[in-house]
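**Q** My request is simple: use the sequences and hints to build the entire structure.
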Amino acid sequence: MTTTLHTLTLTELKNGLEEGAFSATDITESLLARISEHGETLNAFITVTGERALEAAALADQRRAAGEARPLEGLPIVHKDIFCTSGVRTSCGSRMLDNFVSPYDATVVERLAGAGAIMLGKANMDEFAMGSSNETSWYGPVRNPWDLSRSPGGSSGGSSAAVAGRLVPAATGTDTGGSIRQPAALTNTVGLKPTYGRVSRYGMIAFASSLDQAGVITRSVADAALLLEFMAGFDEHDSTSIDHPVPDYLGSLDGRVDELRIGVVRQHFDAGLDERTGKAVREALATLEARGATLVDVDLPNIDLSVPTYYVVAPAECSSNLSRFDGVRFGHRAEDPADLLDLYCRSRGEGFGAEVKRRILTGTYVLSAGYYDAYYLKAQQVRQLIAEDFRKAFENVDVIAGPTAPTPAFELGAKTDDPITMYLNDIYTIGANLAGLPGLSVPCGFVDDLPVGLHLVGHHFAEQVILNCAYAYQQDTDWHTRCPEGFE
Amino acid sequence: MSLDKDQVRHIALLARLDITDAEIPDTVDKLSKIVDFVDQLSRAPADGVVPMAHPLNATQRLRPDAVTETDERDRIQANAPSVDGGLYLVPRVIE
Numbered sequence: 001m002t003t004t005l006h007t008l009t010l011t012e013l014k015n016g017l018e019e020g021a022f023s024a025t026d027i028t029e030s031l032l033a034r035i036s037e038h039g040e041t042l043n044a045f046i047t048v049t050g051e052r053a054l055e056a057a058a059l060a061d062q063r064r065a066a067g068e069a070r071p072l073e074g075l076p077i078v079h080k081d082i083f084c085t086s087g088v089r090t091s092c093g094s095r096m097l098d099n100f101v102s103p104y105d106a107t108v109v110e111r112l113a114g115a116g117a118i119m120l121g122k123a124n125m126d127e128f129a130m131g132s133s134n135e136t137s138w139y140g141p142v143r144n145p146w147d148l149s150r151s152p153g154g155s156s157g158g159s160s161a162a163v164a165g166r167l168v169p170a171a172t173g174t175d176t177g178g179s180i181r182q183p184a185a186l187t188n189t190v191g192l193k194p195t196y197g198r199v200s201r202y203g204m205i206a207f208a209s210s211l212d213q214a215g216v217i218t219r220s221v222a223d224a225a226l227l228l229e230f231m232a233g234f235d236e237h238d239s240t241s242i243d244h245p246v247p248d249y250l251g252s253l254d255g256r257v258d259e260l261r262i263g264v265v266r267q268h269f270d271a272g273l274d275e276r277t278g279k280a281v282r283e284a285l286a287t288l289e290a291r292g293a294t295l296v297d298v299d300l301p302n303i304d305l306s307v308p309t310y311y312v313v314a315p316a317e318c319s320s321n322l323s324r325f326d327g328v329r330f331g332h333r334a335e336d337p338a339d340l341l342d343l344y345c346r347s348r349g350e351g352f353g354a355e356v357k358r359r360i361l362t363g364t365y366v367l368s369a370g371y372y373d374a375y376y377l378k379a380q381q382v383r384q385l386i387a388e389d390f391r392k393a394f395e396n397v398d399v400i401a402g403p404t405a406p407t408p409a410f411e412l413g414a415k416t417d418d419p420i421t422m423y424l425n426d427i428y429t430i431g432a433n434l435a436g437l438p439g440l441s442v443p444c445g446f447v448d449d450l451p452v453g454l455h456l457v458g459h460h461f462a463e464q465v466i467l468n469c470a471y472a473y474q475q476d477t478d479w480h481t482r483c484p485e486g487f488e
Numbered sequence: 001m002s003l004d005k006d007q008v009r010h011i012a013l014l015a016r017l018d019i020t021d022a023e024i025p026d027t028v029d030k031l032s033k034i035v036d037f038v039d040q041l042s043r044a045p046a047d048g049v050v051p052m053a054h055p056l057n058a059t060q061r062l063r064p065d066a067v068t069e070t071d072e073r074d075r076i077q078a079n080a081p082s083v084d085g086g087l088y089l090v091p092r093v094i095e
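Protein chains in written order, with my numbering: chain A, 1 to 488; chain B, 1 to 95.
Hints are computed from structural coordinates only; laboratory data are not their basis. By construction, the Cβ of each residue, glycine as well, lies at the ideal position given by its N, Cα and C atoms. You can take every hint at face value.
Which stretches of chain A does chain B cover? Using the computed rule of at least three CB atoms under 8 angstroms from a CB of chain B, they are: (1) 91-103; (2) 236-247; (3) 343-355; (4) 364-371; (5) 375-386; (6) 411-424.
**A** In structure tokens form, the structure reads like this:
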């Protein structure tokens, strides 16, 4: 039994634990063995917390035996290494924080652990979540289980590869411009980015504070719904956390879409989209239509400006957030500084990688005297126009659907020479971040044996609507059950 | 090139970021590409549009001005590169 536990989803593991088919220790041992077997091949982990996990599993089994099991008791989880974990290195994929041991837990970590989940380790990621391929990590690129020469997407690439390779059924991620949804699309997994403010950002190392949101990568929609219930909700430690009721996401999945109006964005099927990816997405929309949903054309007139808008707003916020890394209080410090300025400049110059430096410089430039109005202010105005386009669209539809990424997974190294080519990976996902909307990617087919994702965006706080739409789709399709060769 | 190497050096100084001579050509090239790319915003008609301050138009929540943090200096300073007696050490600032 325990040799096949890695094939089960989180909800299946939950049922098995409740029925006494296996123990939390069985699950933890089985998955730690999987991680040591495949972890190095994929480079999906920065830190594995095996000993800690086994101790937690023993306690979980005791709790269950005593009739005190919590809702997620004994269920495994991996956290993206952007979430602070008390007593465990929290590197954010950067040399800057290679030696940083967090003194506290992020709210997401604390809530999941409080519900009984067991952390198996910390997932690799693009440095400070800045990247779309997991190639900017100080710890090296992650490999896609569907083709080891290709990227698993980014920035939550360790999370997506670990889930796709069946090393763990679920992992947390963060999404500032598509960093949960794009890696999910490229690895045949489900990726959910909730509404801005739905999940606390406390203890989640900040990249762009008006865009960052925590979410999950799983293999089934039900698993994403299960976890969101325990991650979401108001947190007084996050000043942008929103006090809004948390529904029973899993319990409200009924697979009914007969009253659902799905908006299809014309601009998202234009020349930038790989033809066969577009075909898979159109077929997925037809499947939902056959199940009763109504497809409606929608227009987002300013959506083509979303990537340039993002590449002003996000770097501006990044340059401000990352000014805290000064070589004084924590993080990397240069040897033998000549003076304080040299200490700052060299600690940051050595601690940050090339992409992070580019974003800091871009942000500093657009915020600098004489350029603020032309770039930053203008970008925030265009951002308002994009958000307004979505607001108008949601007057007529419940969900906006399209492709998650323009192409399937690309070769490692293919896009590292040109930042703009890399940035355009997120062309379909960035709009949801700019407008603060929830988005989800669900597996919807393959092109040359590489996965394709269907992207669903909902109105603010309508996570249950996009979850249910994706759940309905998974009732009629089996893409999400397909496993990469060598990872069965 | 929309930016030259002197401009990039100036921005790097503002950002307190050391860019080595070897890194300069690539940084100038890629940063110029990024600036050219975002320049398309200048053509967007957005006169009079209220700039977005928050994606949900929420206002900043306030809380009572009460002490809620406990003293965890030792735990926090365990991550510091150089401390002495609870103080962070840096190179001499005033001669």
